[in-house]
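Enquirer: Based on the provided sequences and hints, a complete structural model is requested.
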Amino acid sequence: MRTSEPGDPGLYDYLPYRGRPKVTWPNGAKIAVWIAPNIEFYEYDPPKNPQRTPWGRPLPDVLAYSHRDYGNRVGFRRMLAAMDEAGFRGSVSLNVALCDHHPEIIRMCADRGWEFFSHGIYNTRYAYGMSEEQERSIIRDSAQTIRKWTGQTLDGWLAPALSNNSWTMDLLAEEGLLYTCDLFHDDQPTPLNVRSGRLLSVPYSLEMNDTIVYNTNSYSPRHYATIIRRQFDQLYREGATSGTVMCIPLHPYLVGQPHRIEPFAEALAYIAGHEGVWRATGREIARHFLDHHYDAAVAANAAANAAAATA
Amino acid sequence: MPLPDDHLAYAHRRHGMDHDLYPWSDLLDRPRVAWPEGARVALWVAPLVQWFPIDGSGKPFRAPGGLTMPFPDLRHYTNRDYGNRVGIFRLLDTMADLGIRGSVMANAAVARRYPALIREVVAAGHEIVAHGLDMEHVHHGGLPEADERAIVADALAILRDASGQAVTGWLSPGRSQSHATLGILASQGIAYACDWANDDMPFVMATPAGPIHAMPFAQETDDRTVMLDMKQTEDSWLEQVRDRFDVLYRETATGGGRVMSVPLHAWVAGVPYRIGAVREALAYCLGHEGVWAATGAEILSAFQASTAAPHE
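Residue numbers (our numbering), protein chains in the order written: chain A, 502 to 812; chain B, 144 to 455.
Hint data in this document are derived by calculation from the structure and do not stem from the laboratory. Worth double-checking, as some hints may not be accurate.
Claimed, not checked - Capping the alpha-carbon separation at 25 Å, the derived lysine to aspartate or glutamate pairs in DMTMM-like fashion look like this:
hint, chain 1, residue 1, chain 2, residue 2
1, A, Lys549, B, Asp148
2, B, Lys374, B, Asp389
3, B, Lys374, A, Glu708
4, A, Lys549, B, Glu288
5, A, Lys549, B, Asp163
6, A, Lys649, B, Asp169
7, A, Lys549, B, Asp149
8, B, Lys202, A, Asp546
9, A, Lys649, B, Asp149
10, B, Lys202, B, Asp148
11, B, Lys374, A, Glu763
Expert: Given below as structure tokens:
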């Protein structure tokens with residue numbers, strides 16, 4: 502149900518960090534750390550979307566296009582090695598057409614037990630301007646493509662290039678997905694208000710995301726490693742009280758550059774060196790929360806709303 | 144109203160790339176490349192000399208470093224021209240001190256306006272790489288092919304005449320191309336172009352006029368990108384160049400020869416307070432066993448010789 506006032510997207514209720522039902526993770530872990538490599542395919546000659554131009558320069562934008570392609574040709578393997586070394590599986594935020602273009606990459610991920618969730622068909626096809634039925638068709642395309650190439654169920658969603666519509670979360674729930682990565686309001690999973698079924702927001706991150714770090718904030722590679730450690734240290738401490746989630750979203754074309762991989766690998770090793778860290782996938786976090794904490798969170802929301810209504 | 148149907152049609156959703164310029168290939172799955180004398184890393188030092196006309200339109204987009212202020216933008220025009228008058232000589236001296244020959248990427252306008260500079264570069268044994276006509280003449284999809292062909296012909300004629308070299312390398316201003324650029328370059332004697340940023344090694348691209356090689360040219364440890372776009376210090380740039388080298392060098396143990404390119408804009412890296420970091424970066428690379436400082440043409444030639452040889 503969406504009962505919020507105008508100006509609020511109405512996706513979740515206000516439930517402050519302080520005083521929530523306690524979240525616990527498997528084996529007494531304090532923190533669930535998940536890594537979400539965005540394995541993307543950007544098109545050389547994409548159609549124009551009325552609301553967003555894919556490339557900054559007139560087509561063909563060979564510099565921007567080739568920069569992204571670096572991730573698949575070169576950067577992916579460096580990122581993979583760093584994750585293998587630290588014992589992390591990935592939860593792939595996948596432009597699903599990449600299954601067709603580079604099944605070799607999909608195979609390497611699948612062989613390691615990584616999860617695949619959808620990040621749309623291509624990163625140059627936005628949901629802006631789509632009808633509900635058009636958007637539903639890309640969700641179904643994603644589910645079919647991921648099942649065909651990996652045998653997995655599509656459980657998670659990160660909108661293509663983070664392009665959303667007001668009904669997107671409703672569609673995800675109707676299509677049976679478990680979680681979205683598009684919301685940045687919390688460090689713990691959140692039950693969302695959707696028109697039917699259940700959908701969770703699993704914390705993803707802009708701040709830990711290498712695109713924001715490098716392309717927006719222009720941090721240095723070693724500073725990226727520093728903020729990963731600081732983010733982890735704080736969430737790890739807080740996780741002693743109630744379990745937290747830390748996500749590190751990656752893009753092989755950025756983190757996989759030779760001058761960036763080593764500080765990143767060291768930061769991952771730092772995290773892996775701690776006790777009480779659940780090296781999870783997005784799906785595992787969503788399932789655990791749905792099974793053990795969803796009802797308590799919904800009840801807490803209802804109680805908070807009732808208290809607010811009678812105040 | 145929904146999006147037009149072509150937004151849900153994917154004509155190029157197939158194995159490999161969504162164009163026919165090169166086949167899909169994972170760097171780590173390719174045959175190992177051997178450099179001359181068993182070198183591990185080919186160090187490619189590449190100073191850039193650029194000229195930004197004072198009356199440019201900046202259309203359809205400004206090349207990086209392009210003038211941004213109302214006409215006459217003297218501050219940026221002269222700041223960029225500093226590289227051609229002063230900065231380049233600091234880079235050339237640094238390379239000479241360290242015994243490095245490399246490739247100077249020159250706008251044809253620099254050769255036309257400052258032929259003495261090109262003579263000095265050539266006398267020092269460096270390669271001249273064509274860097275387009277000037278920084279205003281960007282190649283882009285809206286450029287009529289005949290116009291682009293004329294720009295390339297003009298630029299190459301000027302640079303070949305000024306240098307006395309064959310000039311077989313190309314870097315587009317702003318690393319921007321049209322759909323026709325690679326074919327035009329291949330038809331005019333260009334063997335390699337440095338615009339594409341998708342690899343750490345050379346690879347072949349197909350054009351209607353025959354093959355051309357893409358040469359790896361570090362985009363994200365480029366001096367201008369790191370110090371001006373990303374606003375990081377010269378110390379941080381130096382650290383990133385060293386870190387880049389370390390990883391590439393380490394990878395040669397299993398992956399075969401690698402290319403370490405070091406783009407240096409004369410108007411950025413040639414500034415007095417930055418030149419020390421340049422020297423340190425280059426000396427650091429040279430301080431390792433098996434580092435071969437070479438020109439782009441030499442690297443390409445060694446790459447072709449190695450990839451043509453039979454593999455075990």
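Enquirer: Each hint should be assessed against the structure and marked as holding or not.
Expert: Tested hints:
no.	hint	verdict
1	Lys549(A) / Asp148(B)	12 Å, holds
2	Lys374(B) / Asp389(B)	23 Å, holds
3	Lys374(B) / Glu708(A)	19 Å, holds
4	Lys549(A) / Glu288(B)	23 Å, holds
5	Lys549(A) / Asp163(B)	21 Å, holds
6	Lys649(A) / Asp169(B)	23 Å, holds
7	Lys549(A) / Asp149(B)	10 Å, holds
8	Lys202(B) / Asp546(A)	21 Å, holds
9	Lys649(A) / Asp149(B)	24 Å, holds
10	Lys202(B) / Asp148(B)	32 Å, violated
11	Lys374(B) / Glu763(A)	22 Å, holds
Hint 10 from the list above is the single one not met by this structure.
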